[in-house]
Amino acid sequence: MISLRTYKKNRGAGGVEGRISTADLCGGNSIWKDLYDSRLLWMRQLTVFRKTYKVGLVIRFFEPLLYLFAIGLGISTYVGKINGLTYIEFIAPGILITTAMWAATYETSFAIYTKIHYQRTYEAILATPMNVRSIIIGEMAWAGTKAILNMTIVMIPLALMGLFHSPYIIVAIFVGFLVGLIYSAFGIIATSFIRAMDHYGIYSTFFIMPLFMFSGVFYPIENLPNVLAFFVYLTPLYHGVEAARLLSVGDLGIMLHVVYLLVMVVLLVPLALRRISGRIVVA
Amino acid sequence: MVVSAKNLNKRYSSGTEAIRGISFDIKKGEIYGFLGPNGAGKSTLIKMISCYFPATSGELSVLGLDPNKKASKIKRCLGIMPQDNNLDPDLTVFENLYLYANYFSVPRKKRLERIDELLKLVGLEHKRNARVTQISGGQQRRVVLARSIINEPKILILDEPSAGLDPHSRQVVWSIVRDLNAKGCTVILTTHYMKEAEELCHRIAFVDAGKIVALDTPEGHLAANNATDLEDVYLKTMGSSLEE
Ligand SMILES: Nc1ncnc2c1ncn2[C@@H]1O[C@H](COP(=O)(O)OP(=O)(O)O)[C@@H](O)[C@H]1O
Ligand SMILES: [Mg+2]
Numbered sequence: 001m002i003s004l005r006t007y008k009k010n011r012g013a014g015g016v017e018g019r020i021s022t023a024d025l026c027g028g029n030s031i032w033k034d035l036y037d038s039r040l041l042w043m044r045q046l047t048v049f050r051k052t053y054k055v056g057l058v059i060r061f062f063e064p065l066l067y068l069f070a071i072g073l074g075i076s077t078y079v080g081k082i083n084g085l086t087y088i089e090f091i092a093p094g095i096l097i098t099t100a101m102w103a104a105t106y107e108t109s110f111a112i113y114t115k116i117h118y119q120r121t122y123e124a125i126l127a128t129p130m131n132v133r134s135i136i137i138g139e140m141a142w143a144g145t146k147a148i149l150n151m152t153i154v155m156i157p158l159a160l161m162g163l164f165h166s167p168y169i170i171v172a173i174f175v176g177f178l179v180g181l182i183y184s185a186f187g188i189i190a191t192s193f194i195r196a197m198d199h200y201g202i203y204s205t206f207f208i209m210p211l212f213m214f215s216g217v218f219y220p221i222e223n224l225p226n227v228l229a230f231f232v233y234l235t236p237l238y239h240g241v242e243a244a245r246l247l248s249v250g251d252l253g254i255m256l257h258v259v260y261l262l263v264m265v266v267l268l269v270p271l272a273l274r275r276i277s278g279r280i281v282v283a
Numbered sequence: 001m002v003v004s005a006k007n008l009n010k011r012y013s014s015g016t017e018a019i020r021g022i023s024f025d026i027k028k029g030e031i032y033g034f035l036g037p038n039g040a041g042k043s044t045l046i047k048m049i050s051c052y053f054p055a056t057s058g059e060l061s062v063l064g065l066d067p068n069k070k071a072s073k074i075k076r077c078l079g080i081m082p083q084d085n086n087l088d089p090d091l092t093v094f095e096n097l098y099l100y101a102n103y104f105s106v107p108r109k110k111r112l113e114r115i116d117e118l119l120k121l122v123g124l125e126h127k128r129n130a131r132v133t134q135i136s137g138g139q140q141r142r143v144v145l146a147r148s149i150i151n152e153p154k155i156l157i158l159d160e161p162s163a164g165l166d167p168h169s170r171q172v173v174w175s176i177v178r179d180l181n182a183k184g185c186t187v188i189l190t191t192h193y194m195k196e197a198e199e200l201c202h203r204i205a206f207v208d209a210g211k212i213v214a215l216d217t218p219e220g221h222l223a224a225n226n227a228t229d230l231e232d233v234y235l236k237t238m239g240s241s242l243e244e
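Protein chains in written order, with this note's numbering: chain A, 1 to 283; chain B, 1 to 244.
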């Protein structure tokens, strides 16, 4: 029997066999140093974003209105009030939170795949003091930033229409940030499996869309069969949506939802890092 | 020694043994070349020195530091010109350089000065605000070179610097490399182009199938093989011809 310590000492940087771990690719940096360096990747994203943001902002502004009018107005004539809310008021917080999901998904799927396989952006950045960990943390932070930004833009028309009954809805932006981080980890994990751009269709159809449809955005999940409702309880979007809906009526009892989201962040971020580092640096 | 390797091995996760027991020492201020055919393992070697990925086994020290422990610190002092251009196509020439300097934490004011200086050096001041997709391959390569020295590196590492270069750009690159070297910068380059090795290198290591098969000064190689040019030496040491 060899102890774990001897094993670690003897295995060398390349690992015993096969895949190289994220730590092996991080060249001895502490996690704190990489967290600090990740801001540099974030700044790169900002530079690129500033070149094209105007069109994007306009789209973000009108997209949720489309949902609200098409789905909300159409369906609201058939449904009465849900928990004292009109149908549009009921779905508005969910629309707000899903904005975070879409933002993070976009930033971490096609965008990262392109940077790895076509533009080889990371390869260039790895020739600087940056490493895979600071790069990916930077990407996640950026996805979280985009989530915050897009939610802020979406919130304006919804608030102007008087769909939120409490200013506490502002807190939903923080909730959405967590949802953004979670979905950025999902996006990165998906990217680590994908071998061709087209495969993202699998991810969106069989993962993103079901989680979106069964998240309590469009109806209370109590309406679902118990088994299905149980699965919905396990999904992050549901907790984000529930929290935002509570906030929209001035209820601050969102602690459990937030704790759930935080735990998901803590579990998924390292997993995403582990999955993607071997795809960025094929060693 | 600026770079020192002992019995270095690299086995990719695919199973390919790209480097099989290489040892070498690169001295401060020299231009050291790895010459060998495609697939010899030159880029793999460069990537280990560049702290891109760790060696599977063996010892490597760069600037006296261990790449497994001090990669960021080492990379701060390296200038790396990769084999293929990997400029950021979303950005202009200026933005590419500006962001790169940012990764090295070059102070903002210094950064702007340095970019002006470098664009002049590579003769691309007029392309400052062009998107990198709108300039020629040779010009892109020159931007890559400018980018690689933005941090005033102690070691400049060039992987096939003149691959795909027009003669004019090649001259620009070579003269910049010589000037930097004259100012004390150590240069490590790979090439499969004899003339380049002959023109630039103080010492040349012939690499084949992941091993160094001969190491000497250009003159030393010629004398040892009783040859008139490196091509001849190459044929004698490796027994196969290089494709250009
Ligand atoms: N990322 C990689 N994964 C697996 N094998 C690789 C990888 N990169 C290079 N190789 C293989 O390693 C060997 C050496 O390649 P390389 O270092 O690129 O040679 P050179 O730069 O001298 O042309 C080749 O057989 C090549 O196919
Ligand atoms: Mg090569």
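No lab work stands behind these hints: they were computed from the structure.
All C-beta atoms in this analysis are idealised placements derived from N, C-alpha and C, irrespective of residue type, glycine included.
Treat the hints with care, as some may be off.
[Said to hold, decoys possible] Calculated cross-link-like contacts (lysine to aspartate or glutamate; reagent style DMTMM-like; alpha-carbon spacing at most 25 Å): (1) A:LYS51 to B:ASP66; (2) A:LYS33 to B:GLU125; (3) B:LYS154 to B:GLU198; (4) A:LYS51 to B:ASP116; (5) A:LYS51 to B:ASP90; (6) B:LYS183 to B:ASP90; (7) A:LYS54 to B:ASP208; (8) B:LYS27 to B:ASP179; (9) B:LYS70 to A:GLU123; (10) B:LYS154 to A:GLU123; (11) A:LYS51 to B:GLU113; (12) B:LYS73 to A:ASP251; (13) A:LYS33 to B:GLU198; (14) B:LYS70 to B:GLU59; (15) A:LYS33 to A:GLU123; (16) B:LYS154 to B:ASP25; (17) B:LYS69 to A:GLU222.
[What the hints assert, rightly or not] Covered stretches of chain A (chain B as the covering partner; in silico rule of three or more C-beta atoms under 8 Å from a C-beta of chain B): (18) 46–53; (19) 110–122.
[As the list claims (entries may be wrong)] Simulated restraints on C-beta separations: (20) B:GLU17 to A:VAL258: 30 to 36 Å; (21) B:PRO107 to A:ILE31: 33 to 39 Å; (22) A:LYS51 to B:GLY39: 58 to 64 Å.
Results of checking the hints against the structure:
A hinted pair counts as satisfied when its Cα atoms are at most 25 Å apart, and A:LYS51 with B:ASP66 does not qualify at roughly 40 Å. Simply put, A:LYS33 and B:GLU125 have alpha-carbon atoms about 35 Å apart, too far for the 25 Å limit, and the pair is violated. As the CA atoms of B:LYS154 and B:GLU198 are separated by approximately 23 Å, the hinted pair is consistent with the 25 Å bound. At roughly 22 Å between alpha-carbon atoms, A:LYS51 and B:ASP116 fall within 25 Å of each other, so this suggested pair holds.
Between A:LYS51 and B:ASP90, the direct Cα distance comes to roughly 9 Å. Compliance with the 25 Å bound is thereby established for this hinted pair. For a cut-off of 25 Å, the pair hint linking B:LYS183 to B:ASP90 is broken: about 34 Å separates their Cα positions. At roughly 53 Å between alpha-carbon atoms, A:LYS54 and B:ASP208 are farther apart than 25 Å, so this suggested pair is violated. The straight-line distance between the Cα atoms of B:LYS27 and B:ASP179 is roughly 18 Å, inside the 25 Å bound, and the hint therefore holds.
Among the hinted pairs, B:LYS70 with A:GLU123 is consistent with the structure: their alpha-carbon atoms are about 19 Å apart, no more than 25 Å. Proposed proximity of B:LYS154 and A:GLU123 is supported: the alpha carbons are some 21 Å apart, at most 25 Å. Note on A:LYS51 and B:GLU113: the hinted pairing holds, with a Cα-Cα distance of about 23 Å set against a maximum of 25 Å. Proposed proximity of B:LYS73 and A:ASP251 is contradicted: the alpha carbons are some 50 Å apart, above 25 Å.
Taken as a hint, the A:LYS33 and B:GLU198 pair is broken in the structure, with Cα atoms around 42 Å apart against an allowance of 25 Å. Of the supplied pair hints, the one linking B:LYS70 and B:GLU59 holds, its CA atoms being roughly 14 Å apart against a limit of 25 Å. For the suggested pair A:LYS33 and A:GLU123, the alpha carbons sit about 20 Å apart, so the restraint of at most 25 Å is met. This hinted pair checks out: B:LYS154 and B:ASP25 have alpha carbons roughly 16 Å apart, not beyond 25 Å.
Only pairs whose Cα atoms come within 25 Å are accepted, and B:LYS69 paired with A:GLU222 is rejected, the gap being roughly 54 Å. For the segment 46–53 of chain A, the stated coverage by chain B is satisfied: 3 residues place a CB nearer than 8 Å to a CB of that chain, which reaches the threshold of 3. Taking a C-beta to C-beta cut-off of 8 Å, the segment 110–122 of chain A contributes 3 residues in contact with chain B, enough for the three needed, and the coverage statement holds. Distance hint check for B:GLU17 and A:VAL258: the Cβ-Cβ separation is about 51 Å, which falls outside the suggested range of 30 to 36 Å.
Taking 33 to 39 Å as the suggested C-beta distance range, the pair B:PRO107 and A:ILE31 does not conform, at roughly 26 Å. Distance hint check for A:LYS51 and B:GLY39: the Cβ-Cβ separation is about 39 Å, which falls outside the suggested range of 58 to 64 Å.
Comparing the model with each numbered hint stated earlier shows that hints 1, 2, 6, 7, 12, 13, 17, 20, 21 and 22 do not hold.
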